[in-house]
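S.K.: For reference, the chains in residue letters:
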Amino acid sequence: MRATTAEKAPDPGEGTASQDDRRVVVEASSLGKVFTGSFTRRKKWALRRLDLRVYEGEIFGFLGPNGAGKTTTMKLMLGLLLPTSGSITVFGMKPTDPRSRRQVGFLPENPSFYDCVTLGEFLRLCASLTGITSRRQVERRMAESLFLSRLVEEERTQLRKFSKGMLQRVGLAQALINNPRLVILDEPLSGLDPIGRKEFRDTILQLKREGRTVFFSSHIIPDVESICDRVGIINNGLLESVGELDELVPGEVKGVEIEVTNLREETLNVLKPYVEQVESIGDTTSLLLKNAELATLVLGKLVKDGARILSVTPKKETLESLFVRQITGRRAETETEDVYTISPATGDNRLCLVRERKE
Amino acid sequence: MRSATGNKLREACLVIAALLIMGGGILVKSETLTGRDPRPTEELMYFPSGTFVRQSAMGQESALADIAWLRAIQYYGHHRLTDRRYDMIGHVFDVITTLDPQFVQAYVFGAVVLSQDAGKTKEALDLLRKGMRNNPEDWFLAFETGFVYYMVLHDYRSAARYFTLSSRLPDSPEFTSRFAAFVEEKAGRPETALELWKQVAAASKNKYIKEIAEEKAKKLEAEMAREKKAAHRAESL
Amino acid sequence: MRVVAIARNTFREALRDKSLYVLIVFSLVLVLGTRVMSPLALGEGIKITKDIGLSAISFFGMLAIIVMAAGLVHKEIDKRTIFVILSKPVARHEFIIGKFLGMADALVAIVIVMLFTLQLTLLASRAGFDVLVLKAGFLTYIELLVMTSIAVLFSSFSTTALSAIFTFCFYVVGHFSGDVLVFASRLPSAFAQHVCRFLYYVLPDLQVFNVRSMAVHGTDISAERILAATAYGLLYSIGVLILAAVLFSRRDFK
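Residue numbers (the numbering used here), protein chains in the order written: chain A, 11 to 369; chain B, 20 to 256; chain C, 81 to 334.
Please note that a few of the clues may not be correct.
Stated by the list, open to error - Covered stretches of chain B (in silico footprint by chain C; criterion: 3 or more residues with CB under 8 Å from a CB of chain C, positions within the stretch not fixed):
(1) 75–81
(2) 84–91
(3) 120–134
(4) 219–231
Since the hints were derived computationally from the structure, they do not count as laboratory data. For glycine and all other residues, C-beta sits at the position ideal for the given N, C-alpha and C.
Pulled out of the complex, with its shape left as it was, chain A reads as follows (with noise of 0.2 Å):
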């Protein structure tokens, strides 16, 4: 969907280099929930002592696999939810408080609307419910949605009637309807095709170009990485990281790695203690290093010993490689076994990492 909101949002904050002096949008402190079943009686926890700050102008990346509170978060900002423990507010408000998301616009993931009921009818609806009063003023908002979603055409169809992607943007006309200062998207990405994506990333960049606080969930870490200025990470109801992109993940060279054939028993023994990680597949063998600098020493001593290289490759610290980490890392630690796949994303090459849960 191309970027085609036209307003600014209203009041935008003071945006300044030092976090601390940008409005906090929404605060979560310890915020916790649990879920019981509702025959079982079994409790699970779906979150747990989460602190988060997500504030003014910034785009926020929530990180996670499947199942890993996400959603629950956004629905405890919106009011959808009651919190079990811990507190959290909206502009400083209480969720349950209609008024805290008088400045809020909520995307939920693969939007479902009323079957029988028109787009017009539907836009009016939400504008009605945004608290707009004057007649005048809910046929304005609505005939504005229309346009800037490109669904001028389809004001009189009804909605069961629409694809998928025309779903999706009116999905986001209703969450823009009230012009709001915090926008939440669950799953904004999913399902879309890539030019779709690319387009849905254009419009959040344009939402943030005109003030507005964006804050969406994914499990697509290219797409997280490619637009957010903030990013939380979050596994099994746990925040496990949060912070500037830059300061996760500060894209200097940690490490090189290089596949090598032909190489002899006594060769990796003298280079063992400047090797991290030793693979062999076949006759190939691949060598990660701790450190960039040792590469020149190491590749001089290959090539004297008459081993081939295949290729040398410098490892980065990615948004992937930390989030991996993170999640396996925890992996030990849970009563469940968890199972992490890498598995490629609908449409094209892109990883995201699927969660089998094995209980």
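Put chains B and C on the given structure of chain A with help from the hints.
M.R.: Chains B and C in isolation, oriented as in the chain A frame:
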């Protein structure tokens, strides 16, 4: 390759075949399952027993009373043309009047059938008394009670009592007081009976009761005419 | 404002529900059917038409409530449209009230159509215009309002099927809750009597609104009776809706 019309033809044939099979099933059912049953068929099947009739009506008492009324009429009509046995009629009218206690015509018709056709005078009077309990201001019920006492039981004292009661109730026509007056005096005379039948025929809003009353009046008149003739002949001899 | 918007949306959804029209057509066929059966009724044809006509409003109205209102809230949860609505600055109780009002509106339309057809049928059968039938129809509508509030209550925390069953149970019990009071006076222990009396006040007494027999037999229905019954119905509904709003406010929407 299948054509579109070929498909449609196939579908049409399948639908017709299905309907025929279903229809055939109904024929089989009606022939073998309902015929030649040695037991007399329970005709007022599914008719409530009477214990929780009001409660199970779920607020639709009058409508259910009407449905029972229709069934009662069917029952009566059927048996009038066949065996003239009206075993269940008392129960049916009891149910109808429990559901709709203000259904005056039900009490009247029930009492007429019970006393005239079924020979169950006590049940008829019970029904009428129930009607008077539930409709204390209704003159016709009291009148009808007096009628039964006079016509069937020949209890002229009680008849007079009820005719008097009837005449005192609101909206009662003047013939009720007339009857109260001369029923004791002219007890046992066919003229009285004829008058009574004629008045019932005129006053009843119910077509069937009217018919019965008129029939009886005609019969009485014919009988009276015959007796007169016989008396004349006897005198002239 | 918000409540009205939700009400309007609910009304629209109800009107676009095809099953509603099936019910209305059915009841109309039934009323017209009584005219066909009238020769078999030995002169009670008009009585039967009025009885069946008024009963149809009550009974088919109840069916409409079970079909639509029982799923009123749960359907939104099931279809996840509730996330869209409640993520707006709408209070939980506004949602409940809006849903109720929308349904009440739809019922008004149904009852008016049925009453109108009944009056037309009566006029065509030369039975004349009957004010009592209108009065009985009005109180039947109040009865349906009470049942709607109960359906909304159950719908706010239960699945569609369960809340349909519970609502129907209340409909059945509501028609003999008066007997519970009579029963109470016959019980030996004072405690049991109090329990029964308490039950009577908690359960709706739907016979209060049942003036259908009176209307058909031509007994006048006084203005006081209508006013008192309406007040009872409205107060009871408000009480039930408050309960529904409280329960709904505490709900989690996974």
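S.K.: Each hint: holds or not?
M.R.: Consistency of the hints with the structure:
1. Coverage of a stretch by a chain is defined here by at least three residues with a beta carbon nearer than 8 Å to that chain's beta carbons; for the stretch 75–81 of chain B and chain C the count is 6, and the condition holds.
2. Only residues whose beta carbon comes within less than 8 Å of a beta carbon in chain C count, and the stretch 84–91 of chain B has 4; three or more means the coverage holds.
3. Counting residues of the stretch 120–134 of chain B whose C-beta lies closer than 8 Å to any C-beta of chain C gives 4; at least three are required, and the coverage claim holds.
4. With 4 residues having a Cβ less than 8 Å from any Cβ of chain C, the stretch 219–231 of chain B passes the three-residue criterion, so the hint holds.
Checked against the numbered hints above, the structure breaks none of them.
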